[in-house]
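All chains, please: the whole structure from these sequences, using the hints.
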Amino acid sequence: MRQSSPSHRFVAAIIAIVTVAAVGCGKTPPASFRLNMVQATKATVPESGLEKPWASWSRERQQQVATILEAMFGTPDEPVALPETGLDLAKLQLAAGPVRSDIVGRKNGLYREHCAHCHGISGDGMGPTAAFLNPYPRDYRQGKFKFKSTWRDAKPTHDDLVRLLHEGVIGTSMPSFALLPPAQVDALAEYVKYLSMRGEAEIALFTYAEQELGADEALPTTKEFLVDEVLTPIAEKWQGAADARIPVAAIPAGVDFNLPGNDLANRDSVARGKALFLGDGGCVKCHGVTALGDGQANDYDDWNKAIVAVSAEVAVGLLSSKEAATGGMSSDALADHRARSAWLDSFAHVLEGDALRPRTIPPRNLRIGHYRGGRRPIDLYRRLYTGINGAPMPGVGPSGPGGKGSVADEEIWHLVNYIRSLPYEMDGELGADRPMVAKDRF
Amino acid sequence: MTRFPRLSSAVLVAFGFLAAGSAHADDWGTIKGRFVLSGDAAAPVELKIDKDVDVCGKHKLVAEELMVGGDKGVANVVVFVRDKGVKVKPEAAAAAASTKVVLDNKDCRFQPHVTFVQVGQELVVKNSDTIGHNSNIATQKNAPSNNLIPAGGEATVKFTTDEAIPAQVTCNIHPWMKGWLVVRPNPYAAVSAADGSFEIKDVPAGEVELQFWHEKAGYIAEMTIGGKSEKASKGRKKVAVAASGTDLGEIGLAPAIFQK
Chain A
8 MRQSSPSHRF VAAIIAIVTV AAVGCGKTPP ASFRLNMVQA TKATVPESGL EKPWASWSRE
68 RQQQVATILE AMFGTPDEPV ALPETGLDLA KLQLAAGPVR SDIVGRKNGL YREHCAHCHG
128 ISGDGMGPTA AFLNPYPRDY RQGKFKFKST WRDAKPTHDD LVRLLHEGVI GTSMPSFALL
188 PPAQVDALAE YVKYLSMRGE AEIALFTYAE QELGADEALP TTKEFLVDEV LTPIAEKWQG
248 AADARIPVAA IPAGVDFNLP GNDLANRDSV ARGKALFLGD GGCVKCHGVT ALGDGQANDY
308 DDWNKAIVAV SAEVAVGLLS SKEAATGGMS SDALADHRAR SAWLDSFAHV LEGDALRPRT
368 IPPRNLRIGH YRGGRRPIDL YRRLYTGING APMPGVGPSG PGGKGSVADE EIWHLVNYIR
428 SLPYEMDGEL GADRPMVAKD RF
Chain B
661 MTRFPRLSSA VLVAFGFLAA GSAHADDWGT IKGRFVLSGD AAAPVELKID KDVDVCGKHK
721 LVAEELMVGG DKGVANVVVF VRDKGVKVKP EAAAAAASTK VVLDNKDCRF QPHVTFVQVG
781 QELVVKNSDT IGHNSNIATQ KNAPSNNLIP AGGEATVKFT TDEAIPAQVT CNIHPWMKGW
841 LVVRPNPYAA VSAADGSFEI KDVPAGEVEL QFWHEKAGYI AEMTIGGKSE KASKGRKKVA
901 VAASGTDLGE IGLAPAIFQK
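Sequence order for the protein chains is A and B. Just so you know, we're using the numbering used here here: the first sequence kicks off at 8 and counts up by one. Just so you know, we're using the numbering used here here: the second sequence kicks off at 661 and counts up by one.
One or more of the hints may lead you astray.
[Claimed, not checked] Covered by chain A, according to a simulated footprint, are these stretches of chain B (three or more residues, beta-carbon under 8 Å):
no., segment
1, 750-764
2, 796-805
3, 823-834
The set of hints was computed from the structure by calculation and includes no laboratory data. Even for Gly, the Cβ is constructed at its ideal location relative to N, Cα and C.
Have a look at this one:
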């Protein structure tokens, strides 16, 4: 969805030439963060009786958010870490900016060297290579992370991020950064938190503008609003991550993770896990009776779902806006109609250029033995306990401390054991009514 | 119970205090009305049931995004008092604290379709069906949750802060299942019934700002009250609450606002 029309490419080329001419060869303009245009456009739905033309009214609102964000978070070259964020500016500086060596020969600009080509300068998951990857790179701006040791809605801990960078994510394009010195991985994890907080603050500002502001009102620029109201709740969630780890039940007798999942010693536990998989765990609903991941194939994750929802709204809106009979309209109604059409056109444009084409999220085929969040029993336990934040995968554990889940905590270990046994289960055990498997499809 | 607002509605709230102060301290009134579609409604579209067909297929489920009942009453319109620091009648607050709100997964749909829960109140998400469901609650300010609820099971969820607009509730296993959850900091919210009527009881007498919302229309920015066309930017409208009750009568909604 990121291809541009010939005329856009032409304009872009002209701009590039003019920029080079103005700045001089060998110098590129400083990098800048890209505004979250989907949020920005969503937040500037025109109201009836707008005095200015919609385009200039919405531009002013976007400009205000951009100005506030720059004051609070700085630029990709010069990050700002307000004390409330709890972020370590020295680490951010190591990760930010262009790739270079500092005065003591230490590598700087780590994010742009290792991450930006997929995750984008702004952490929007839309770097130059993003459109070619499946799954798409993570968009940090919603502050949602999948593979972590904390409650579903909680942030990942610093160690969770470091571990993910160290291991990579199997089955995706995310590589392992185990070869980087620990200090560099640490700086990158810090920078991911920074981009995430910035993105969350941006969404909070646009949402506030959409839900609270009148057409002629501007965002408050007081410390009470920007820091206490917007930034602090976001930062507190990040700072509280280490205290939001889920409890881990003791491994019950009859479960031996040192042996393969299909070992006889684990037979009773695996059978118990299988019963849960087919019953109260509800796993078959999406992963299918045979765990091939073929139970539910048309769902989206939260990132894609948001784009699907607005795309549908814009498509319907454009259709009814084109069909609207403008002839009999009063001048007020005509002005409203024009503002709405301008908004819809602009939104369609944004969905073409500032969003990736939505993709469904297939449930994992559990017979392959690839687990994106890690293959240790504890990793599988966590995925089952809280589900996967941002993905359709629900949790079978409680939704928060003191709650009650659909599968008891210690029973989850039997499910883990069954899942570990699946890659070893013989084809024959699936029975004569075995449904189509991947190899039958080609 | 008067808690100072954290958002910018300070002016409105201050005005609310003044208005409340000018009425008798213990005067409470009821706001009521009925939403009526001023035009014809298309019949609800029948849903295509492609999961758990033997259980869900028999219910003749329809898309519930716009439900128009007898006398053209529009169901599922959300109305709430927007003023954050509004005075709450002590009995009403006590009643909320001791009651649970139930959202049921029944007959492969969310019942009720739009649920109202107060901050701090316990929401029990039940599953009365013979198959498993999950209830994915997409709150914006509260932590979103997604619990798997086995047949006959239940999960409880609590909310720590209000939501400016209703949050969508979906079931990932049965993609047609859609519902909404209204989370407000006080008892002053209502969802219009099948005949379009709503009632908000025990609102402090004086002026309050109402907000009108519907899942298909979004903020309801235009309506007809007492035969007079009224604009309500972002669905907000100030009304005077009399101790004897305030009846907004028939509130006309044009079909066009549901066709976005």
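Numbered hints the structure breaks, given as an ascending list | Hint 1 contradicted; others consistent.
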